[in-house]
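Chain A is already provided as a structure; the job is to place chain B on it using the hints.
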Amino acid sequence: MIQQNEKTQIQNYLNRVIINEMEFYEELYDHIATSYENRATENQSVKEHIAAVVEPDFGGIEGIRKIKNAHARQRRRMITRKALTLFTGYFLRWPAVLITCLLILLLYIAQNIWDSYQVFEIVTILGMVTPCIISQYGRWKFKQNCKKYHKPYSFSQVNNQVYLLSISFIAVLQGLLAIISRIFSDGSYSFLSFFQQYPMLYIPMGTLLLIYGMVCLQLFKENFKVKLLPV
Amino acid sequence: MSSSKLLKGSLATIVMRLLEEQEQMYGYEITQKVKELTAGEIKITEGALYPTLHKLEAEGYLTTETKMVDNRVRKYYALTKEGNAEAKSKVAELESFLVQLQKVLNPKPGLG
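Line order of the protein sequences matches chains A and B.
Using the numbering used here, read the first sequence as starting at 1381 and increasing by one per residue.
Using the numbering used here, read the second sequence as starting at 4 and increasing by one per residue.
Heads up, some of the hints might be wrong.
[To be verified] Here are the simulated DSS-like pairs of lysine-lysine, each with C-alpha atoms no more than 30 Å apart in a straight line:
{"no.": "1", "chain 1": "B", "residue 1": "Lys111", "chain 2": "A", "residue 2": "Lys1427"}
{"no.": "2", "chain 1": "A", "residue 1": "Lys1521", "chain 2": "B", "residue 2": "Lys70"}
{"no.": "3", "chain 1": "A", "residue 1": "Lys1427", "chain 2": "B", "residue 2": "Lys91"}
{"no.": "4", "chain 1": "B", "residue 1": "Lys93", "chain 2": "B", "residue 2": "Lys58"}
{"no.": "5", "chain 1": "B", "residue 1": "Lys11", "chain 2": "A", "residue 2": "Lys1527"}
{"no.": "6", "chain 1": "B", "residue 1": "Lys58", "chain 2": "A", "residue 2": "Lys1387"}
{"no.": "7", "chain 1": "B", "residue 1": "Lys36", "chain 2": "B", "residue 2": "Lys70"}
{"no.": "8", "chain 1": "A", "residue 1": "Lys1527", "chain 2": "B", "residue 2": "Lys70"}
{"no.": "9", "chain 1": "B", "residue 1": "Lys58", "chain 2": "B", "residue 2": "Lys70"}
{"no.": "10", "chain 1": "A", "residue 1": "Lys1462", "chain 2": "A", "residue 2": "Lys1601"}
{"no.": "11", "chain 1": "B", "residue 1": "Lys84", "chain 2": "A", "residue 2": "Lys1462"}
{"no.": "12", "chain 1": "B", "residue 1": "Lys11", "chain 2": "B", "residue 2": "Lys91"}
{"no.": "13", "chain 1": "B", "residue 1": "Lys93", "chain 2": "B", "residue 2": "Lys111"}
{"no.": "14", "chain 1": "B", "residue 1": "Lys58", "chain 2": "A", "residue 2": "Lys1523"}
{"no.": "15", "chain 1": "A", "residue 1": "Lys1446", "chain 2": "B", "residue 2": "Lys111"}
{"no.": "16", "chain 1": "A", "residue 1": "Lys1523", "chain 2": "A", "residue 2": "Lys1387"}
{"no.": "17", "chain 1": "A", "residue 1": "Lys1387", "chain 2": "B", "residue 2": "Lys84"}
{"no.": "18", "chain 1": "B", "residue 1": "Lys11", "chain 2": "B", "residue 2": "Lys46"}
{"no.": "19", "chain 1": "A", "residue 1": "Lys1528", "chain 2": "B", "residue 2": "Lys70"}
{"no.": "20", "chain 1": "A", "residue 1": "Lys1462", "chain 2": "B", "residue 2": "Lys93"}
{"no.": "21", "chain 1": "B", "residue 1": "Lys84", "chain 2": "B", "residue 2": "Lys58"}
{"no.": "22", "chain 1": "B", "residue 1": "Lys8", "chain 2": "B", "residue 2": "Lys91"}
{"no.": "23", "chain 1": "A", "residue 1": "Lys1446", "chain 2": "B", "residue 2": "Lys70"}
{"no.": "24", "chain 1": "A", "residue 1": "Lys1462", "chain 2": "B", "residue 2": "Lys78"}
{"no.": "25", "chain 1": "A", "residue 1": "Lys1446", "chain 2": "B", "residue 2": "Lys46"}
{"no.": "26", "chain 1": "A", "residue 1": "Lys1462", "chain 2": "A", "residue 2": "Lys1531"}
[To be verified] Sample of chain A residues at the chain B side, in silico, Cβ under 7 Å:
{"no.": "27", "residue": "Met1381"}
{"no.": "28", "residue": "Gln1384"}
{"no.": "29", "residue": "Glu1406"}
{"no.": "30", "residue": "Glu1407"}
{"no.": "31", "residue": "Asp1410"}
{"no.": "32", "residue": "His1411"}
{"no.": "33", "residue": "Thr1414"}
{"no.": "34", "residue": "Val1433"}
{"no.": "35", "residue": "Asp1437"}
{"no.": "36", "residue": "Phe1438"}
{"no.": "37", "residue": "Gly1443"}
{"no.": "38", "residue": "Ala1450"}
{"no.": "39", "residue": "His1451"}
{"no.": "40", "residue": "Ala1452"}
Think of the hints as simulated: they come from the structure by calculation, not from any bench.
Nothing here was measured: the structure is a model prediction, and the numbers come from that model.
Beta carbons are placed, not taken as given, at the ideal position from N, Cα and C, and that holds for glycine.
Next comes chain A alone, as it looks inside the complex (with noise of 0.2 Å):
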């Protein structure tokens, strides 16, 4: 086993070479300790031993950000993916199908008990509001812990993407939209003021947004199951 002193010395080197993030930094930490483990001469130091043995395999120090780049974007499309197969599984896999069914008729019974409007209201925060603020709190979480443990690192890119894909909805449908509509109309745009035109639009947006607010909370949940363990 290595000791303090030599696991100080590859922290400070992953450090160097800038890995920020949980995953990767995780992987090649414990490469480097079990290649040095497994060292050909006993005197060789954790210096020595990176210089000669771990860089050329990884092609330098370059190579290593080359593949810590392209971790993040397998990482990247993979939950993109997975968002998106948990998204149409909605409508097209049997027993999910069944709660897209049951919200559309939720959504109809509650538009006839209350106002339609502010159902649809509740809906948009539900479905797009909550998913933002627990990724966030959950990013906020995640640095917290890093800090109490120790870690070098402060986020994950995992959870990172997560976030990403519960604010973009809205990105889309407030912040986009808002400024192509100052651009072509030079009037202000609000999502919600919009589709208050268009009431036929309710229940489909209003299961739509519910939907992609559970697509989120269900990758949240999958994904921040990060555990952290002292250094």
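Positioned in the frame of chain A, the structure of chain B alone reads:
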């Protein structure tokens, strides 16, 4: 023997074949296993191995599990159900290719 260029196209197959045998392995273990099986003749560089592992994971052929080993996090890779099927198909494809390659490299003189 400089085998890195020859290995490039078959690295994913090698990784999947090893995982078919071992159920789960971590990056360093894979490099050492290849070295051991080929008596050091073939050396997989980490610069090629990790992108391959990450790509296979993103494509859904590999799944990962983290375990605590010697007070550090170790990431183990294992084949998924789709990965198992893909491994079989890739190994068969590579074997067939090697047979064809052999015919090109050592053509037998014609009988007639």
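Structure-based check of all given hints:
1. B:Lys111 with A:Lys1427: Violated, because 54 Å separates the two Cα atoms, which is more than 30 Å.
2. A:Lys1521 with B:Lys70: holds, 22 Å
3. A:Lys1427 with B:Lys91: Distance ~41 Å between Lys1427 (chain A) and Lys91 (chain B) Cα, so the pair is violated.
4. B:Lys93 with B:Lys58: Given that 30 Å is the threshold and the Cα spacing comes to 15 Å, the pair holds.
5. B:Lys11 with A:Lys1527: The given pair, whose Cα atoms are some 41 Å apart, is violated under the 30 Å limit.
6. B:Lys58 with A:Lys1387: OK: Lys58 (chain B) and Lys1387 (chain A) at ~29 Å, within 30 Å.
7. B:Lys36 with B:Lys70: holds, 20 Å
8. A:Lys1527 with B:Lys70: Cα-Cα ~21 Å, so holds.
9. B:Lys58 with B:Lys70: holds, 21 Å
10. A:Lys1462 with A:Lys1601: holds, 13 Å
11. B:Lys84 with A:Lys1462: Status holds; Cα separation ~17 Å.
12. B:Lys11 with B:Lys91: holds, 19 Å
13. B:Lys93 with B:Lys111: holds, 27 Å
14. B:Lys58 with A:Lys1523: holds, 27 Å
15. A:Lys1446 with B:Lys111: Answer violated: Lys1446 (chain A) to Lys111 (chain B) is near 45 Å, above 30 Å.
16. A:Lys1523 with A:Lys1387: holds, 22 Å
17. A:Lys1387 with B:Lys84: Not satisfied, since the Cα-Cα distance of roughly 37 Å exceeds 30 Å.
18. B:Lys11 with B:Lys46: holds, 12 Å
19. A:Lys1528 with B:Lys70: This hinted pair holds, its Cα atoms lying about 20 Å apart.
20. A:Lys1462 with B:Lys93: It holds: about 25 Å lies between the C-alpha atoms, which stays within 30 Å.
21. B:Lys84 with B:Lys58: holds, 16 Å
22. B:Lys8 with B:Lys91: holds, 23 Å
23. A:Lys1446 with B:Lys70: holds, 26 Å
24. A:Lys1462 with B:Lys78: holds, 21 Å
25. A:Lys1446 with B:Lys46: Distance ~20 Å between Lys1446 (chain A) and Lys46 (chain B) Cα, so the pair holds.
26. A:Lys1462 with A:Lys1531: Roughly 28 Å between the alpha carbons, so the hint for Lys1462 (chain A) and Lys1531 (chain A) holds.
27. Met1381: holds, 5 Å
28. Gln1384: With a minimum Cβ separation of about 10 Å from chain B (threshold 7 Å), the hint on Gln1384 (chain A) is violated.
29. Glu1406: holds, 4 Å
30. Glu1407: With Cβ-Cβ at 5 Å, under 7 Å, it holds.
31. Asp1410: OK, holds: Asp1410 (chain A) within 7 Å of chain B, min 5 Å.
32. His1411: At about 5 Å, which falls below the 7 Å cut-off, the nearest Cβ of chain B leaves the hint on His1411 (chain A) intact, so it holds.
33. Thr1414: holds, 5 Å
34. Val1433: Since the shortest Cβ distance to chain B is 10 Å, the answer is violated.
35. Asp1437: OK, holds: Asp1437 (chain A) within 7 Å of chain B, min 4 Å.
36. Phe1438: holds, 5 Å
37. Gly1443: Gly1443 (chain A) check passes; min Cβ-Cβ to chain B is 5 Å, inside 7 Å.
38. Ala1450: Check passed: Cβ of Ala1450 (chain A) comes within 5 Å of chain B, closer than 7 Å.
39. His1451: holds, 5 Å
40. Ala1452: violated, 9 Å
Going down the numbered hints, you'll see the structure goes against 1, 3, 5, 15, 17, 28, 34 and 40, while the others check out.
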